[in-house]
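Trainee: Chains A, B, C and D, in that order, are what the protein sequence lines are.
Each residue of the first sequence is one higher than the one before, counting from 3 in the working numbering.
Each residue of the second sequence is one higher than the one before, counting from 3 in the working numbering.
Each residue of the third sequence is one higher than the one before, counting from 3 in the working numbering.
Each residue of the fourth sequence is one higher than the one before, counting from 3 in the working numbering.
None of these hints come from the bench; they were simulated from the model.
Check before you lean on any hint, since a few could be wrong.
Pairwise CB distance ranges (calculated) [as the list claims (entries may be wrong)]:
| no. | chain 1 | residue 1 | chain 2 | residue 2 | range |
| --- | --- | --- | --- | --- | --- |
| 1 | B | L282 | D | P108 | 25 to 31 Å |
| 2 | B | A332 | D | E225 | 56 to 62 Å |
| 3 | B | A34 | C | R165 | 23 to 29 Å |
| 4 | B | A23 | C | G167 | 37 to 43 Å |
| 5 | A | E272 | D | E225 | 49 to 55 Å |
With a straight-line Cα cutoff of 20 Å, these simulated DMTMM-like cross-link-like pairs (lysine to aspartate or glutamate) come out [claimed, not checked]:
| no. | chain 1 | residue 1 | chain 2 | residue 2 |
| --- | --- | --- | --- | --- |
| 6 | D | K128 | A | E224 |
| 7 | C | K318 | A | D121 |
| 8 | D | K128 | D | D161 |
| 9 | A | K318 | C | D121 |
| 10 | D | K128 | B | D316 |
| 11 | D | K128 | B | D90 |
| 12 | C | K128 | A | D90 |
| 13 | B | K128 | C | E225 |
| 14 | B | K318 | D | D121 |
| 15 | B | K342 | B | E297 |
| 16 | D | K342 | D | D294 |
| 17 | C | K128 | A | D316 |
| 18 | C | K128 | B | E225 |
| 19 | B | K44 | B | E190 |
| 20 | D | K128 | A | E225 |
| 21 | D | K330 | D | E272 |
| 22 | C | K342 | C | E297 |
| 23 | A | K128 | C | D84 |
| 24 | B | K128 | C | E224 |
| 25 | B | K128 | D | D90 |
| 26 | B | K128 | D | D317 |
| 27 | B | K342 | B | E272 |
| 28 | A | K128 | D | E224 |
| 29 | A | K281 | A | D317 |
| 30 | C | K128 | C | D106 |
| 31 | C | K128 | A | D84 |
| 32 | C | K128 | A | D317 |
| 33 | D | K128 | B | D317 |
| 34 | B | K128 | D | D316 |
| 35 | A | K128 | D | E225 |
| 36 | A | K128 | C | D90 |
| 37 | A | K128 | C | D317 |
| 38 | A | K258 | A | E16 |
| 39 | D | K318 | B | D121 |
| 40 | D | K46 | D | D219 |
For each residue, glycine too, the CB sits at the ideal point set by N, CA and C.
There are 4 protein chains.
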Amino acid sequence: MNFCSDNVTGAAPEILAALAAANTGALTSYGADELTLGVETKLKEIFETDLAAFPVATGTAANALSLSLLAPSWGAIYCHQDAHVAVDECGAPEFYTGGAKLVDLPGEHGKLTAAQLADVVARSGKGVVHQAQAAAISISQTTESGTVYRAEEVGAISDVARRNGLGLHMDGARFANALVFLGVSPAEITWRAGVDILSFGATKNGALAAEVVVIFDKMRAEEFAFRRKRAGHLFSKMRFLSAQLDAYLTGGLWLKNARHANAMAKRLAEGLRAMPGIKLAHPVEANEIFVDLPETAIRGLIADGFQFYRWLGDDKTLLRLVTAHDTKEADVTAFIASAKRHAAQANERVA
Amino acid sequence: MNFCSDNVTGAAPEILAALAAANTGALTSYGADELTLGVETKLKEIFETDLAAFPVATGTAANALSLSLLAPSWGAIYCHQDAHVAVDECGAPEFYTGGAKLVDLPGEHGKLTAAQLADVVARSGKGVVHQAQAAAISISQTTESGTVYRAEEVGAISDVARRNGLGLHMDGARFANALVFLGVSPAEITWRAGVDILSFGATKNGALAAEVVVIFDKMRAEEFAFRRKRAGHLFSKMRFLSAQLDAYLTGGLWLKNARHANAMAKRLAEGLRAMPGIKLAHPVEANEIFVDLPETAIRGLIADGFQFYRWLGDDKTLLRLVTAHDTKEADVTAFIASAKRHAAQANERVA
Amino acid sequence: MNFCSDNVTGAAPEILAALAAANTGALTSYGADELTLGVETKLKEIFETDLAAFPVATGTAANALSLSLLAPSWGAIYCHQDAHVAVDECGAPEFYTGGAKLVDLPGEHGKLTAAQLADVVARSGKGVVHQAQAAAISISQTTESGTVYRAEEVGAISDVARRNGLGLHMDGARFANALVFLGVSPAEITWRAGVDILSFGATKNGALAAEVVVIFDKMRAEEFAFRRKRAGHLFSKMRFLSAQLDAYLTGGLWLKNARHANAMAKRLAEGLRAMPGIKLAHPVEANEIFVDLPETAIRGLIADGFQFYRWLGDDKTLLRLVTAHDTKEADVTAFIASAKRHAAQANERVA
Amino acid sequence: MNFCSDNVTGAAPEILAALAAANTGALTSYGADELTLGVETKLKEIFETDLAAFPVATGTAANALSLSLLAPSWGAIYCHQDAHVAVDECGAPEFYTGGAKLVDLPGEHGKLTAAQLADVVARSGKGVVHQAQAAAISISQTTESGTVYRAEEVGAISDVARRNGLGLHMDGARFANALVFLGVSPAEITWRAGVDILSFGATKNGALAAEVVVIFDKMRAEEFAFRRKRAGHLFSKMRFLSAQLDAYLTGGLWLKNARHANAMAKRLAEGLRAMPGIKLAHPVEANEIFVDLPETAIRGLIADGFQFYRWLGDDKTLLRLVTAHDTKEADVTAFIASAKRHAAQANERVA
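Next up, chain A with everything else stripped away, as it sits in the complex:
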């Protein structure tokens, strides 16, 4: 009954099985194997375009390496002030870019807007040697607030990027969750909407540790191989990364898992929303719920064995609840029941 994060989960059985299946004796190392090539082929089909795909093991590696392709060391990267790249990676983008500046911007429900970006970039001092130079925009899909950019929102942001010569990165640690919510094709929400590089996540959605950097503009891909190796992110036994991704992409497992997580979140959100006086902080569009509960309810939930994070401080009553590929419906039901029971008792006491 752990709703802390989708990274507290184990692996999907299909992905674990794929590791065993890949354990077939000697195989060329460092990614020159059929399995790895196959992952790239599958991604080309899924995204309906040519692309370059580079598996890595963590989201931080995927994001920071991606941004290092888009921003020089004197560049500015625009992102939401809650973005994982800004606040949860201990400065990995700064490290990988050699000191580029992350410009943290506010934005409702975790989203940046094209208008806001156009304004900020216009005032950024392009060509002025004293200022970090506008280089890239990074958006999270889904966002850190559990919301999802629509294709037209991404397109508008990419227009700003194009007009100003910036690259557009999408942190898709929860890309599958966004996609099944939107019901659009992977192409539509990425390269057709102007995304240059996608951090395509699998770890949070059923892999053990696997992400893949998808580079739509192959001209930008040339240097990635060197950057990845130089950072220690090239696996010698690459097959064990690729096997995870292969299984993830096979038979729609990635979408199935995300659909389950989203469905659990929706159910949980509905249950909470039905409670008197309870409001969700953000629309629930993927697998994260932000909800303010009475302190008594929170303590009751903890006492009942539920785990989750108080958002933005241990003394806060805003909770983040995350569902995942393996969330049990019974746990969701139990959570709602527990929350209701404890909230009701609180109300009684008050009354």
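We have chain A already, so just place chains B, C and D on it with the hints.
Mentor: Using the frame of chain A, we list chains B, C and D on its own:
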């Protein structure tokens, strides 16, 4: 029949099984789990001392992060000119240290000597602002020539390090192979001999992708956690790294695997050495053999389906043959037979 | 009649003369000369304490090198959102620290407060591996708004720094201007108030190109020499940097120049403040004035040959006016007269 | 009587005078002044081509910034093992490139050869992700041995660079000395011979502290301005750098100074060569002499007040003697006489 490297191998069944066993539902992420703590405990027992242990997924990450603890950006790191850190990591140590200088030194059979290091360090311009400052020594155990440093050799090198205020790093990608050759305790060849940080390898010896940085001087460990995260080498589902290491260290699997690899190498070396006119380039002390074969024999071996690297160039007849935890005795026997047959035919033609 | 900045000025005659006087034939290079040692001695007297002094040629070098002593690459540096290090150095601190994060904070009249810093640091996630680690505070004296920190303000900020293990840097590009305003001793407003490193500026106050990094905690100084050389900021003919600083510090030239600049600013401010409806944006405590003038007055001033910056955008009517060591009183008088005349005409037209 | 280096010298009177002449009141800062533009214009005339010129204050800055344009962080830079960039800049090129690898190569009389470079680059593992990627060649003109590359030698090296897609950098700290020796045009020995970027030195040849990075391929220049600012090497009062360079380039001062230095070196070399049993280690082609003298002669010279470096160690008898723009003929004569006298006495004692 692939003798290219020990990284072309699959995983040991015990390690694969451990992944499945670790897949037990929700677990705290980022290494705050029992499995990860258990690995550190096991390492303390094995090395008979207090230490800090940080799992990562690649040897390059282990080495480069280790060196970044020992050398400032203006530091010099002394290593053998064939060392993995010097020639096979695309400059990862330079990247992680912010531009420290790797000073590549010659040395018979892949080894540095204390005398040589004392001399080089003495002439390095300590305190002179124009020169990179002597900061660390990195040795490989086993070396890139398949040889093994004796405890007294490491001790002598560490004396030089101590006297000059340098850190001592050991690249133990094949540490287990060295250990079973030496027949000493892990402590004896590491911290008791003055090693500060060990890159303790598991990938080449049966893991899927797992290494652990072992820091004997815990004062140096404090910053490692930040460096690892910042580099994207902290796994969210850490249990899947730790499970590999746990299985590796349990019941002596790591030593058993290395013993097998070494035994196969010894057998292969003996078979080759018995061939008329054939000489091995280096003593065979672990799981690597460097042998010069007639071109006709090489072509015959290739035709017979054997895989290996010509060392130092596609036109060279010096071969590197690597055995591993899963090398089949029959393959070794077949290799020797094939080599003998093709070499004999060549001799006949010559005669 | 150029009020753009104190860096548009030439050099004080005393400093130019010192260069000629230092041109006495062969002299040991790289700072091992009497003149350079003498500068350090003079600074020890002026600051009434032991210290280490490193001349460099630019304020950006002084600041970025200073911060690189105080923050590791995974560190966070707290500064005002208008600080030179944050917005005018093209990311130099990020470059020199290897990617530390500058946390830009708001603050009235260009100042940070101890309370604000205590709060921000408390919420910074100390020890949490995902967050950049609080490492240093940088304050500007005088600030980017032309105001001056009082000794007790600096002391309160340094208390926050001490309690949290942070370093405290003071960007003293206009240190002399602050000092003569405060009327305290150099010691009182720096190390006695808890400042660890001071970028002591001379360029804006009469030198050609000379600043000196003053390190009060000599333990921190050890690595500075290497960092400076490695950055290309160690002059071979160091005497020509030191001669400037020597003249600057001799006979109170630095204070005399600053007194003049401040007096001119005060006079200018009084003249403007006397204009009907005109308000200064910040207290005028040193040599900068921020004033909002009617557009017609601005155009009139430009037509009359005055130069200055519109602050924060070419369409803005907030002006920054900077006086300097060589500002002529007549120019100040003329500026006020011109402003008044054009503003009055505008009023007439309105009326 | 100081023959230690050409950086122990003072400034040429013409250059000092130019500083005073440039001290004409307010002037636009950061290089947008006529004097700075004029330097670029002069350089275009001197080099008979379009180019971009960036003044900086030190040779280390010029070299390291130049190389950062030519090599990515995963690049390899080929240079002579005695090159200033390799051994005398405390790793500045590594710092500025973010960790590129300097590959130090041997070479008679301080020179690299095209054949050697072709061979090394061919074996460098182009496209192999494990190896630093061949990116640039850096040659010194004059070399660290006081010798000078002929135009055809530079041309042959640049052919290797071109064929392999590498950039070619020339460290011209003593460019003027090489030029007057060769008697060719500046164009002939630089861009016409394939040089991409020249560190054009003035400091050692009469300036106080001034070098200029000359970029012949202007496409490469775009990012230089940001790199320079970000490194703290952009002077606010740029005129004081530019004035030095302007005077240096006016009326052939740079060539006159170099001619004098070279003439003094020639005279000194001839005097030493005439001594019985004395051999020079390298051809004397510019302003440096490497000579092995008897220990007694060395001690006698020191006793007579001469200063110089023992090359490669305090116990060595190989001396480096450097002449400069202001070397007095009488000092040269006195040096020869002193050396002869002490050497003769030594011989007598031996006899």
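Trainee: Each hint should be assessed against the structure and marked as holding or not.
Mentor: Hint check results:
1. B/L282 / D/P108: 25 to 31 Å: The hinted range 25 to 31 Å holds for B/L282 and D/P108, with Cβ atoms some 30 Å apart.
2. B/A332 / D/E225: 56 to 62 Å: Distance hint for B/A332, D/E225 holds at roughly 59 Å.
3. B/A34 / C/R165: 23 to 29 Å: 27 Å, holds
4. B/A23 / C/G167: 37 to 43 Å: Holds - the Cβ-Cβ distance for B/A23 and C/G167, about 42 Å, lies within 37 to 43 Å.
5. A/E272 / D/E225: 49 to 55 Å: 53 Å, holds
6. D/K128 / A/E224: Given pair D/K128, A/E224 holds - Cα atoms ~13 Å apart, limit 20 Å.
7. C/K318 / A/D121: 16 Å, holds
8. D/K128 / D/D161: Holds - the C-alpha atoms of D/D161 and D/K128 are around 17 Å apart, at most 20 Å.
9. A/K318 / C/D121: 16 Å, holds
10. D/K128 / B/D316: 14 Å, holds
11. D/K128 / B/D90: 13 Å, holds
12. C/K128 / A/D90: 13 Å, holds
13. B/K128 / C/E225: 13 Å, holds
14. B/K318 / D/D121: Distance ~16 Å between B/K318 and D/D121 Cα, so the pair holds.
15. B/K342 / B/E297: 13 Å, holds
16. D/K342 / D/D294: Holds, at roughly 13 Å.
17. C/K128 / A/D316: Judged against 20 Å, a Cα distance of about 14 Å means the pair holds.
18. C/K128 / B/E225: 13 Å, holds
19. B/K44 / B/E190: 17 Å, holds
20. D/K128 / A/E225: 13 Å, holds
21. D/K330 / D/E272: Holds, because 16 Å separates the two Cα atoms, which is no more than 20 Å.
22. C/K342 / C/E297: 13 Å, holds
23. A/K128 / C/D84: This hinted pair holds, its Cα atoms lying about 18 Å apart.
24. B/K128 / C/E224: 13 Å, holds
25. B/K128 / D/D90: 13 Å, holds
26. B/K128 / D/D317: 17 Å, holds
27. B/K342 / B/E272: 12 Å, holds
28. A/K128 / D/E224: Holds, at about 13 Å.
29. A/K281 / A/D317: 19 Å, holds
30. C/K128 / C/D106: 18 Å, holds
31. C/K128 / A/D84: The hint holds at about 18 Å.
32. C/K128 / A/D317: At roughly 17 Å apart (the allowed maximum being 20 Å), A/D317 and C/K128 satisfy the hint.
33. D/K128 / B/D317: 17 Å, holds
34. B/K128 / D/D316: 14 Å, holds
35. A/K128 / D/E225: 13 Å, holds
36. A/K128 / C/D90: Holds, at roughly 13 Å.
37. A/K128 / C/D317: 17 Å, holds
38. A/K258 / A/E16: The hint holds at about 12 Å.
39. D/K318 / B/D121: Given that 20 Å is the threshold and the Cα spacing comes to 16 Å, the pair holds.
40. D/K46 / D/D219: It holds: about 13 Å lies between the C-alpha atoms, which stays within 20 Å.
The structure agrees with every numbered hint stated previously.
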